[in-house]
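Engineer: This is what each chain is made of:
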Amino acid sequence: MKIWIKNGHVVDPASGTDSPQDVLLEGDRILATGPSAEISQQASNNGATCETLDATGWIVASGFIDLHCHLREPGGEASETIETGTRAAARGGFTAVCPMPNTRPVNDNASVTRSILERKASVRVWPIGACSKESKGESLAEIAAMKKAGIVAVSDDGRPVANAKLMRQVMDYCRSLDLPVIDHCEDASLATGAVMREGQTSVRMGLRGMPSAAESICVIRDGVLAKLTGARLHIAHLSTKDSLEFVRGSRMHGCQVTCEVTPHHFTLIDEDVIYDSNYKMNPPLASREDRDALLEGLADGTVDAIATDHAPHEPASKAVEFDKAPFGITGFETALPLALEQLVHTGRMKLMRMVELFTTGPARVLGIERRIAAGQPGDLTLFSTEHEWTFHAAESASKSRNTPFDGRTFKGAPMATIVAGRVVYRR
Amino acid sequence: MNPAAAAPVRPGGTNTAENSPRDGVTYRFRNLLGMEPLTAEQIVFLLDQSKPMQEIQHHPLKKLATLRGKSVALAFFEPSTRTRISFATAASRLGADSMNLQAESSSLKKGESLLDTVHTLDAMKPDCIVMRHSSSGAADFVARHLEIPVINAGDGTHEHPTQGLLDALTVRDRLGKIDGLNVTILGDIQHSRVARSNIHLLGKFGCRFKLCGPAMWLPRELEQIGPPGCSIHRASCMEEALVDADVIIVLRVQQERMNEPALPMDEYVMLYQLTEERLKMARPGALVLHPGPMIRGLEIDPAVADGPQSCVLEQVTNGVAVRMALLYLLMGTPPEEPNASDAAQGNRFYRPNVSG
Chain A
1 MKIWIKNGHV VDPASGTDSP QDVLLEGDRI LATGPSAEIS QQASNNGATC ETLDATGWIV
61 ASGFIDLHCH LREPGGEASE TIETGTRAAA RGGFTAVCPM PNTRPVNDNA SVTRSILERK
121 ASVRVWPIGA CSKESKGESL AEIAAMKKAG IVAVSDDGRP VANAKLMRQV MDYCRSLDLP
181 VIDHCEDASL ATGAVMREGQ TSVRMGLRGM PSAAESICVI RDGVLAKLTG ARLHIAHLST
241 KDSLEFVRGS RMHGCQVTCE VTPHHFTLID EDVIYDSNYK MNPPLASRED RDALLEGLAD
301 GTVDAIATDH APHEPASKAV EFDKAPFGIT GFETALPLAL EQLVHTGRMK LMRMVELFTT
361 GPARVLGIER RIAAGQPGDL TLFSTEHEWT FHAAESASKS RNTPFDGRTF KGAPMATIVA
421 GRVVYRR
Chain B
1 MNPAAAAPVR PGGTNTAENS PRDGVTYRFR NLLGMEPLTA EQIVFLLDQS KPMQEIQHHP
61 LKKLATLRGK SVALAFFEPS TRTRISFATA ASRLGADSMN LQAESSSLKK GESLLDTVHT
121 LDAMKPDCIV MRHSSSGAAD FVARHLEIPV INAGDGTHEH PTQGLLDALT VRDRLGKIDG
181 LNVTILGDIQ HSRVARSNIH LLGKFGCRFK LCGPAMWLPR ELEQIGPPGC SIHRASCMEE
241 ALVDADVIIV LRVQQERMNE PALPMDEYVM LYQLTEERLK MARPGALVLH PGPMIRGLEI
301 DPAVADGPQS CVLEQVTNGV AVRMALLYLL MGTPPEEPNA SDAAQGNRFY RPNVSG
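Chains as they are written, first to last, in the working numbering: chain A, 1 to 427; chain B, 1 to 356.
Read the hints as simulated data drawn from the structure, not as lab findings.
Check each hint, because a few of them may be wrong.
[Claimed, not checked] Some chain A residues judged to face chain B by a derived CB distance under 10 angstroms, without partners named: (1) 59; (2) 200; (3) 201; (4) 320; (5) 322; (6) 323.
Ideal Cβ placement from N, Cα and C applies to all residues, glycine included.
Chain A with its partners taken away, still in its complex shape (with noise of 0.2 angstroms):
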């Protein structure tokens, strides 16, 4: 079985190809690329069955990497499930995506591992693991069992290993592993009761406010531990500017850092937070200073990719009290939008640029390689920067309904995502 995406324009960053081509799938694999006239003899070679899509006007890209999402399965169904939210995520865009490990029960084992990778998906499950059991912070996981298991990464997420001496014992089991290790960054004392980026708009409306110091004092901790154990470190949703001054300086002293900036992040700002708890996520919505220097580094490089944190809800437990609301919103399926409306239309930079941020880029994270080419795996990103369409939560295919983008109207969307050479959705 062949499929031949026409008339589509190819956007690859590790090539650097920004052109019009065509694309031969066979199988789960690329078969060719090259102007039409050569994959139209391909196409047809052997009389095996082809099918065609034709993407005028589109843009074919790599299949997007999300780096960061909650699947909630096991543990969470009500919220969200493998199979629920991979197919939200094919309607966004994404070919594969990396669930963290804070499960019922956490992903801290390969038995755990296994029954994720055994469920039904649209898209390719990449799981991370937990950096310790249960994500306790008291004594490392089973990481190597859980590499062997599928695993592409170690985070604790939302329960960030406070422990700097537990920390640096991940770092140095990873780095023999050849694993990235994921942090989210947040002091617990800092963070404690907080529900919203600590600033003017905290204060006004008499709501706790986390300091932006609170993520920043990790990023330095971490970028410290990299130095000393040589390990890949991962910065997850990293929301201020100083933590991205930090990443630079790590960088500069040789260390491994790469970060990840989700879409809500560089759309909205702690001004934007009403008494709704689709505006509660951890980290907060930062400042606009904040905001404006994400922006800077996602267009500048320093940022690696952007990463939607999905984090469903189901809606019980978000229509209550803005202090008693979990953190988390739903990302998959506005991630693209939001990134061509606020980085690409905007003129802050090159389509190829934000193609990398969903493609290279996070696999540049995992160590692994993306690109449009012969052999390569066949899963790609088909997508419009120019059709219209308004985003109702209600339609999502996600369980949850938790985001603060519904009803908004986006130039820009994915048209058909293809995994392993089999198209997973058609808009």
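For chain A, the structure is supplied; the task is to place chain B on it using the hints.
Structural biologist: Frame of chain A; chain B shown alone:
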């Protein structure tokens, strides 16, 4: 899906007051959630509406029939004595019944969500809900899910709008105006909903603020929370805070705040207690306000609390008047659509006669 979450949501939970086209000085209020969204004109209107209610407090027979047949749900999710009694008294003096929900006995203790609780209350068909809650924004959140008016009787560390109004009424009665005053607020400003409502209200009238208290309760962002152009200054000591003050608002020191992080109580008394000696640094005749409950000997010297400059008991009396005015405005027949039978019975003492 959760029935509460599926309930109809009205857009915008903020105060919705509309200007009546008739003469531009009569305002209708959908809710009262805070002082921040109100205009100076709306506030003057509310204060003026409280005047006739103040007079009633001094009548031998205080009960009116204006809101006869109406009922007010008093939903106090946080323990409160004075504000709850004040609202209950206000409702009763207007002839309305009140339905009481108290935190200690409520189903919240059994794990019911706030939304389910207020929907249950709403199903008993009150005409208005008065709500106090420990979460900032809780009244705003509830207002977006209910059709009936919501009055915020204190939400977390956000606002306490009726306290703001009764303070302003008290100041206006004593000093004849609320414009351009020097207002000093003492204590834990960061966690004070009273301070916020006062700043939002008085700030709209050109009052200048000095805030004074322990540094950890005075984040610098407080200087920016007022209306545009509002002067708010953090004073480093009581002397600086009190000089030229026309009004001094002493906040209650909440014992629970003393413990996180620990603040030595003796040092608080030494540095920030409003004493007779310190009061002399303010303008002669400066007013001393306290939202209560007061802890004598901690934030305030008993001699000041009982002295001639203290307005503490007037504040309490005015609290009933302000709340009567609000209940009337939110639940009464709107002035634009006079109820013929009411008018015939002559029990509408209220006449909008505010000059712009």
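Engineer: All the hints need checking, so say for each whether the structure fits it.
Structural biologist: Taking the hints in turn, this is what the structure says about them:
Hint on residue 59(A) is violated. Least Cβ distance to chain B is approximately 36 angstroms, over the 10 angstroms limit. A cut of 10 angstroms between beta carbons decides the hint on residue 200(A): the least distance to chain B is about 4 angstroms, and the hint holds. With a cut of 10 angstroms, the hint placing residue 201(A) at the interface with chain B holds, because the nearest CB-to-CB distance is about 8 angstroms. For residue 320(A), the shortest C-beta to C-beta distance to chain B is roughly 6 angstroms, which falls under 10 angstroms, so the interface hint holds.
With its C-beta approaching chain B no nearer than about 5 angstroms, residue 322(A) sits inside the 10 angstroms limit, and its interface hint holds. Taking 10 angstroms as the C-beta contact cut-off toward chain B, the hint placing residue 323(A) at the interface holds, the least distance being around 5 angstroms.
The structure is inconsistent with hint 1 alone, although it conforms to all the rest.
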